[in-house]
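Here is how the chains run, residue by residue.
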Amino acid sequence: MTDLYRPIAELAGMLRCGQTSAVTLTEQSIASIDEQADLAAFVHVDIEGARAAAARADAELTAGVDRGSLHGLPVAVKDNIDVQGQRTRAGSLLLGDEPAARDATVVTRLRAAGAVIVGRTNMHELAWGGTTDNPHTGRARNPWNRDRVPAGSSGGSGIAVAAGMVVAALGTDTGGSVRLPASVNGVSGLRPTIGRVSNAGVVPLAWTMDTVGPLARTAADAAVVHDAIAGWDQRDRTTRREPVRLAAPGLQSVDPATHLRGLRVGVIADYALVGNQPDVTAAVRDALDALAAAGAVLSEINVPGVEELVDAQLVVDAVEPSAMHLELLRTRPDDYGDDVRTHLEIGLRYSGVEYVQAQRFRAWFRDGLLEAMRDVDVLVTPTLPFTALPHGAESVELDGRPASLTAGNMRYTAIGSMAGFPGLSVPIGLDHDGLPVGMLITARAFDESAVLRAGHGYQAITDHHLLRPQVPIATVSG
Amino acid sequence: MDDTARQALTDEWVARGRSIAVFVTANVPPEVVPVAVFDHPHTDRSDQTGDTDVDDGARS
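Chains as they are written, first to last, in my numbering: chain C, 1 to 478; chain U, 1 to 60.
No lab work stands behind these hints, which were simulated from the structure alone.
Positions of the beta carbon are idealized from the N, C-alpha and C atoms, including for glycine.
Among these hints, one or two may not hold up.
[To be verified] Computed Cβ-Cβ distance ranges for the label pairs, DEER-style:
1. U/N27 - C/G392: 36 to 42 angstroms
2. U/A15 - C/V356: 15 to 21 angstroms
3. C/P402 - U/P30: 34 to 40 angstroms
[As the list claims (entries may be wrong)] If you want a taste of the chain C side facing chain U, the calculated C-beta under 8 angstroms gives, among others:
4. D311
5. A318
6. D338
7. D339
8. Y350
9. V353
10. E354
11. V356
12. Q357
13. Q359
14. R362
15. A363
16. E394
17. S404
[As the list claims (entries may be wrong)] Okay, the calculated bits of chain U under chain C, using three or more residues with CB under 8 angstroms as the criterion:
18. 3-16
19. 24-32
Make the full structure from the sequences, and use the hints.
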């Protein structure tokens, strides 16, 4: 049986009292990845490197060297994040001919915290899409139903956590690429504020929206990873200089339910509670009821421009990748997958005026959102209007009408992506097909603690985060 | 993605770009400057939850 579904805090305790070892946990991780290879969660498993790191972690603990909560625990990173000596392909044929000369800053920080990097996760090609149906690295499958997508672009990271292959995984989130796979795979995923976590050593998608964030079983586990990777980095001038206030200790220090008493929750009722699959709306209503019953104070708010948000995000989200890929798009167009090439070609069609107006919209929208949130601590929406879609779906039916996948995918995650605010997706139940539903908690810039407290409090009064897809039993014992 | 789907996607996205440009022109005051990476304004929460465990968003 695998131990990798256990909370990080519990595993940390087991490691320190000799109930398990980093080597045992790493072998469980490697076995689990192998037994569930059909999910295509990983594009590379560093068996030798992971075993060596695990042995070092055990030796350090024996010698009294304790690197903290992630010490000796197996984690994964998305294929667009540099790991020294490995090729950073970003799910593409166009990058990563040479091994990375050094670790990305987030990998350096994970290693410093004692984590064992077991491998690289599958992703939507170049992070420019939401299915992780990658023509070069394989179709990733949702562990809750293999006929469904794991979302993306960090689909492999969502699968790896949901299927118990690792305790946490890094993803990247530009327009929703951590929060969306968190939602459809039934795990917790944090997009940090732009500037909170370094992007150094990460393949860019859209420079003004890119972030790196963790996917983990729980909000508390995501907080541990956040604390390990956050903070100023001289390699990334967009990061903030001020010290990061650690989120995880504040979650552990009090009864989790106290995080909900008096929590002021804003709801854009005429946006967030309409136009979804009925099961999604029902699950979010139930979650809001649970929050209120635990002492949270709900209030309806109105956010100017929210209906236009997806239009603006599409422009920014399309133009910047097209600028990034301008030369390769001209010289090697056939090396892109069909959908990504189409996305990049559309980005070339927008005018400079449209791009500037979209960036002005962001500033205006962000200020309006701040004003709307003046009397609330967090904003709650669904993460997605729908649950995991079948592979190959190109549209979705919402409220009995066909709707654009584009608009649906970005509908709620665009709020944080465009404002630059942090957001946490947490599982809030299953739909009638047994597929996970996610709730997105968004807070003001640099207030990761608020979304993590709210998510942790919610997970203290519910057990949706404990649900697991049916997976094979790992054969390595401690 | 077949040609029909590709054309539909292109048409939708291009139309959304045109639409947001028109919306901004009509609704956003001229003094609003484009977002840079990333210019969070000072967010004074002293009158809100009393929570001091929050950064103000200022950049050095």
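For this session: List in ascending order the numbers of the hints, as given earlier, that are violated by the structure.
Result: none
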